[in-house]
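From first to last, the protein sequence lines stand for chains C and B.
The numbering used here puts the first residue of the first sequence at 1, with every later residue one more than the last.
The numbering used here puts the first residue of the second sequence at 202, with every later residue one more than the last.
The hints are simulated quantities; they were obtained by calculation from the structure and are not laboratory data.
Because the structure is a prediction, the values reported are computed rather than measured.
Where a beta carbon is used, it is the ideal one built from N, C-alpha and C, also for glycine.
Please note that the accuracy of each hint is not assured.
Claimed, not checked - Calculated pairs, DSBU-like style, for lysine-lysine (alpha carbon to alpha carbon, straight line, at most 35 Å):
#1 Lys225/B with Lys6/C
#2 Lys225/B with Lys35/C
#3 Lys130/C with Lys236/B
#4 Lys207/B with Lys130/C
#5 Lys218/B with Lys364/B
#6 Lys224/B with Lys236/B
#7 Lys59/C with Lys224/B
#8 Lys23/C with Lys364/B
#9 Lys163/C with Lys236/B
#10 Lys261/B with Lys130/C
#11 Lys255/B with Lys224/B
#12 Lys17/C with Lys54/C
#13 Lys255/B with Lys207/B
#14 Lys35/C with Lys255/B
#15 Lys364/B with Lys261/B
#16 Lys6/C with Lys23/C
#17 Lys224/B with Lys54/C
#18 Lys218/B with Lys59/C
#19 Lys261/B with Lys218/B
What the hints assert, rightly or not - With the C-beta cut set under 8 Å, the calculated list includes, among others, these residues of chain B facing chain C:
#20 Ser206
#21 Ser217
#22 Leu245
#23 Ala246
#24 Ile265
#25 Val389
#26 Leu391
#27 Ile395
Protein chains: 2
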Amino acid sequence: MNFPSKLIEEAVIEISKLPGIGKKSALRLALHLLKRDESQTQLLADALISMRTKTTFCKKCHNISDDELCLICSSPRRDISVLCIVEDTRDVLAIENTAQYRGLYHILGGIISPLAGIGPNDLNIESLIKRVEQEPDIQEIILALSPTMEGDTTAFYLQKRLKPFNKKISTIARGIPIGGDLEYADEVTLGRSITSRIAYE
Amino acid sequence: MNFPSKLIEEAVIEISKLPGIGKKSALRLALHLLKRDESQTQLLADALISMRTKTTFCKKCHNISDDELCLICSSPRRDISVLCIVEDTRDVLAIENTAQYRGLYHILGGIISPLAGIGPNDLNIESLIKRVEQEPDIQEIILALSPTMEGDTTAFYLQKRLKPFNKKISTIARGIPIGGDLEYADEVTLGRSITSRIAYE
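Could you build the full structure based on these sequences and the hints that come with them?
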């Protein structure tokens, strides 16, 4: 593209480094900011810098946090007997939005993936083991990992590592999504939904 | 959403003010920046601020520019006998990318739209009239506006205003897009492509 201005070109290059934003979308965003008040660009830039430089990670669950302990770990209203293990912050938000879980979390910061060169030592697993060891209040550990090859590998590894502590270990249910159509479900999911069928009480 | 950090929440709010970016995408972008080096966020923020505060508008064609005159208006290699009138900068980029046009541009900065309350006085029309009046080199004026109700209204208004100067006035061709299928073309476009048919020479 022949940009009319070097400054726009530089902004477009930086914006299009973000995931899922190409050159055309980046230009659209840049032109949008040019049309709006200068203060909006200033607010955006400040918010990005503050977020990047001032946030830290909760030293207990490794979630993104403004302080040493995140809002969930420091809340007195959470159920400290359940620990939910997830891949990253987005999973925490997704589970929090269901309003079905009141326990604590532990963020692995990724998933075991030999192809991507990510092994157990690259994840927050040692701190999880230490946490389970040192906090006798934990009674159940829920593995909430994606139902993929990597997710299953990670779950298998964690199960093995957590077994010695004699806690109840569970995983989130797999099955047909609510509102989903049996006819269009893949065989693996449908098969799993039959083998893990739930008896009416 | 229950954000784990106020700073992330503020960043997400600012990012999602951009057009076409919702809360979920904004969060994805924020988490992406958190994973990357601090310098990337700094570069992005700096580029946005520089673009917003340092760019100006070319005093001749009203295109976005780093200096008083934009790169196109100040280039000695452009054909100064043709003037192409467009709605905004994106149209200039689109036409430049075709490499089929070597003339100059005039950016209206919008389009006449009574519904949106935009009249001729809100656009760069007086400066266009002055430009055509003062530059005898201009021989042809091309109206490259969108084939919409507003675009046609604006073209009609401009035609009326430009008529006294006795220049050749043209508009970009409407018709079936190259690679387009006759069967799926709308009636108006197909009709127009028949009435404006081109004789083989």
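Verification of the hints:
no. : hint                   : result
1   : Lys225/B with Lys6/C   : 31 Å, holds
2   : Lys225/B with Lys35/C  : 24 Å, holds
3   : Lys130/C with Lys236/B : 25 Å, holds
4   : Lys207/B with Lys130/C : 29 Å, holds
5   : Lys218/B with Lys364/B : 43 Å, violated
6   : Lys224/B with Lys236/B : 18 Å, holds
7   : Lys59/C with Lys224/B  : 27 Å, holds
8   : Lys23/C with Lys364/B  : 39 Å, violated
9   : Lys163/C with Lys236/B : 32 Å, holds
10  : Lys261/B with Lys130/C : 69 Å, violated
11  : Lys255/B with Lys224/B : 29 Å, holds
12  : Lys17/C with Lys54/C   : 22 Å, holds
13  : Lys255/B with Lys207/B : 31 Å, holds
14  : Lys35/C with Lys255/B  : 14 Å, holds
15  : Lys364/B with Lys261/B : 21 Å, holds
16  : Lys6/C with Lys23/C    : 15 Å, holds
17  : Lys224/B with Lys54/C  : 21 Å, holds
18  : Lys218/B with Lys59/C  : 32 Å, holds
19  : Lys261/B with Lys218/B : 32 Å, holds
20  : Ser206                 : 5 Å, holds
21  : Ser217                 : 10 Å, violated
22  : Leu245                 : 4 Å, holds
23  : Ala246                 : 4 Å, holds
24  : Ile265                 : 5 Å, holds
25  : Val389                 : 27 Å, violated
26  : Leu391                 : 28 Å, violated
27  : Ile395                 : 32 Å, violated
Figure legend: structure checked against the earlier numbered hints; hints not met, in rising order: 5, 8, 10, 21, 25, 26 and 27.
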